[in-house]
Structures are given as structure tokens and as C-alpha cells.
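**Q** Sequence:
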Amino acid sequence: DEAELKRAIIKRVLNKVNKKPLEVAKHPVGIETRIGYVRKMLENVDTNGVLVLGIHGMGGLGKTTIAKAVYNDLMEGFNGASCFLSNIREKSAQPSGLVALQEQLISDVLM
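Each step along the sequence shown adds one to the number in full-length UniProt numbering, with nothing skipped, and position 44 is 44.
No wet-lab data here; the hints were simulated from the structure.
Ideal Cβ placement from N, Cα and C applies to all residues, glycine included.
A couple of the hints might just be wrong.
[What the hints assert, rightly or not] Here are the computed distance ranges between Cβ atoms for each label pair:
no., residue 1, residue 2, range
1, Arg39, Val99, 28 to 36 Å
2, Ala93, Glu32, 29 to 37 Å
3, Gln102, Lys20, 36 to 44 Å
4, Glu2, Pro95, 45 to 53 Å
5, Lys26, Asp46, 33 to 41 Å
All chains, please: the whole structure from these sequences, using the hints.
**A** And the structure:
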């Protein structure tokens, strides 16, 4: 059906256009091993649905840098929408912070 083909083409183009790489430190020190570990872990995941990856630990260990680098490597393979939420602790501590994070998540996924 021609209409279905048009919808599929539009969806594919929008997925390509809307994906922008995240800014990562130019020379991150000592995190390549960790990035490789996360990539390898994600390669072994068999999913046809939603996948959420949480990275936790003490501040300053490079969690955000690792997540951004992995996202940039894998973003072309995402079907549909993807969303990257950073600085959750700081944002959620603000008045209405959790609501703002939820709104950002919904906006990023639906737009």
C-alpha cells in the first residue's frame, strides 16, 4: 500500500534526522575499558522492546562520559526514539525536578 510505504519512509527519515550525537570529553582518561564493558553487555541483550540502562556510582567516576560515548556509538541502531537524561540527582532535587525529568523523557521519546 502506497500510504503505508510513505509512512515507513517518513518514520525512517525522521529517525535519522532527529538523532544527534552527545558531546563527550575529547580525551577521557581511563574509561575505554568501562565503555567496552558496557558495549559488550549491550551486545548480548536480546530485546524487541524498550531497554533502559542505568549506570550508578560515586560522583566523578565518568558515568556520564561512559553513557554518552556508548550512546553515540549505538544511536544509529536505535529504532524509534531514544532519550538521554543526565544529572538526575541534581535535577530531581530541584522543586518539580522529577516532573521536569518526566516531561523531558516524554518529549524526547515522542518528538
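**Q** Go through the numbered hints given earlier and state which of them the structure violates, listing their numbers in rising order.
**A** 3
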